Amino acid sequence: MNLQKIVLVSLALVPLTLVAQERYMTRTGHIEFHSATPLENIHAENDKVTSVWDATTGAIEFAVLIKAFTFEKALMQEHFNENYMESNTFPKALFKGALKGVLGAQLATAGTYPVTVDGLLTIHGVEKPAKAEGTITVDGKGGIRAESKFQVKPADHDIKIPGAVRKNIAESIAVTVRMDYSKMP
Amino acid sequence: MHMRARTWIIIGAVAVAAGMAYGLKEFNRGLAEVEAMDAVESVDASALLAAFVADDQAARAKYVGATEQAIRVLGVISTIEPGTDSAPTNVRLDAGDPMASVVCEFAADQLPAEWKVGDQVALKGICQGYTGEGMMPGDVILQRCVAAEQ
Chain R
850 MNLQKIVLVS
860 LALVPLTLVA
870 QERYMTRTGH
880 IEFHSATPLE
890 NIHAENDKVT
900 SVWDATTGAI
910 EFAVLIKAFT
920 FEKALMQEHF
930 NENYMESNTF
940 PKALFKGALK
950 GVLGAQLATA
960 GTYPVTVDGL
970 LTIHGVEKPA
980 KAEGTITVDG
990 KGGIRAESKF
1000 QVKPADHDIK
1010 IPGAVRKNIA
1020 ESIAVTVRMD
1030 YSKMP
Chain U
46 MHMRARTWII
56 IGAVAVAAGM
66 AYGLKEFNRG
76 LAEVEAMDAV
86 ESVDASALLA
96 AFVADDQAAR
106 AKYVGATEQA
116 IRVLGVISTI
126 EPGTDSAPTN
136 VRLDAGDPMA
146 SVVCEFAADQ
156 LPAEWKVGDQ
166 VALKGICQGY
176 TGEGMMPGDV
186 ILQRCVAAEQ
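Going down the list, the protein sequences come from chains R and U.
One gets our numbering by counting positions in the first sequence from 1 and adding 849 to each.
One gets our numbering by counting positions in the second sequence from 1 and adding 45 to each.
If we strip away everything but chain R, and leave its shape as in the complex, we get (with noise of 0.2 Å):
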C-alpha cells in the first residue's frame, strides 16, 4: 500500500473513531482544600472547576480558576490570591492526565469503581508530576461522579509563605475533588 493510499484509509477512519469516543464533562465541579494548623484553620471552596474526561481514552484534564475559591473571611482571600498564589499573574490551575480503573463501557452499569488518576499538575505556574486515587460511581441513570482526595504542598509549587504566618499555613494541604460528569453530545 502506497502512502497516499494510507493517507486515505486513515482519513476514513478518523470519523469511525470520533463516534467511539465518549467524552464527559462538567463545568461546574467542586475543589475545596483545608489547610489544618493548631493556630488557625482555613478552608476555601470553589463551584467552577471545568473537566473533560475521555472514557475512552483515560485522558482527563481539569482547568480551575484561582480567583474563583472563597473563602469565610475576605482576609484570607486576598492573601491567598495576592500573596501567595499570585492569582493576576497565574490565574489558572491545571492538571492534565490519564484516568485508569474504569473503562467506558463499563459505565453502562451502576457502581462504584476505584480509580487512579496519574498526570502534571500545575499551580503558581509550576508544572509537577501528581498522582490521586478516588473513586467513580455511577447511578445507573446517567449520572457519573468522581471523587478524589489528595495532598498538595505549597513548597512544591514555588509558593513561598512569609516566615510570620508560616506556623498558621499546613505544609500540606488536603484537597478535595467532587465531579458530576455529563456526557458531551
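Derived by calculation from the structure, the hints in this document are not laboratory data.
These numbers were taken from a predicted model, which means no experiment stands behind them.
In this text, a Cβ means the ideal position worked out from N, Cα and C, and glycines have one as well.
A couple of the hints might just be wrong.
[Said to hold, decoys possible] In silico DSBU-like links for lysine-lysine, alpha-carbon gap of 30 Å or less:
| hint | chain 1 | residue 1 | chain 2 | residue 2 |
| --- | --- | --- | --- | --- |
| 1 | R | K1032 | R | K998 |
| 2 | R | K945 | R | K1032 |
| 3 | U | K107 | R | K945 |
| 4 | R | K1009 | U | K70 |
| 5 | R | K1016 | R | K1002 |
| 6 | R | K922 | R | K1016 |
| 7 | U | K70 | R | K1016 |
| 8 | U | K161 | R | K1032 |
| 9 | R | K1002 | R | K949 |
| 10 | R | K990 | R | K945 |
| 11 | R | K922 | R | K1002 |
| 12 | U | K107 | R | K1009 |
| 13 | R | K990 | R | K1032 |
| 14 | R | K1002 | R | K990 |
| 15 | R | K980 | R | K1032 |
| 16 | U | K70 | R | K945 |
| 17 | R | K949 | R | K1016 |
| 18 | R | K990 | U | K161 |
| 19 | R | K998 | R | K977 |
| 20 | R | K949 | R | K977 |
| 21 | R | K980 | R | K1016 |
| 22 | R | K1016 | R | K998 |
| 23 | R | K977 | R | K945 |
| 24 | U | K107 | R | K922 |
[Stated by the list, open to error] What follows is a set of in silico ranges between Cβ atoms, one per label pair, in the way DEER data are often shown:
| hint | chain 1 | residue 1 | chain 2 | residue 2 | range |
| --- | --- | --- | --- | --- | --- |
| 25 | R | K1002 | U | M144 | 31 to 41 Å |
| 26 | U | A152 | R | F939 | 22 to 32 Å |
| 27 | U | D100 | R | P887 | 39 to 49 Å |
Using the hints provided, position chain U relative to the given structure of chain R.
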C-alpha cells in the same frame, strides 16, 4: 514624674487595645457586599464572553482587575440551576455560543424570585475570569451576584 508615667501607661494601653480591636476586626472581616459596590464596567453577556475568548489577558485586566471589583452584565437567562450540595445557584446568561455562557453565582437570598428563563436581566457581580483552557470549553464566571437596575 509619677503622674506622667501613669499617663503614658494609659496611652500605651489604649493604643494596644485599639490595635488589637482593629486587628481582630480586620481578621474577621467578611467579603465585601457587592450591592454596595459601584460597577466599574457595564457590558453585554455576549461581548463579555467574546472579550475573554479574543484576549484573556486583556479581558482579565479590564473586567477582573488587579483587586476585587464589581461589573454590571446584561443578558437573557438561558438556565437557572440550583447548586448541588452547598453550592450557590447558577444563573446562565446566553452569550451567543452553545458551548459557553456567562455564569453568575447567586446566594439563595439574592436571587430574585420572579426571574425565569428567557428574561432579559441586569446583574452585578465580581468577575473572576474565563474557565476555558486549550480545547476545553469554558464560561465567564461572576460570583456574589445581585440584581442590578436595567
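Practice prompt. Mind listing which of the numbered hints don't hold for this structure, in increasing order?
Written response: Result: hints 14, 16, 17 break, sorted rising.
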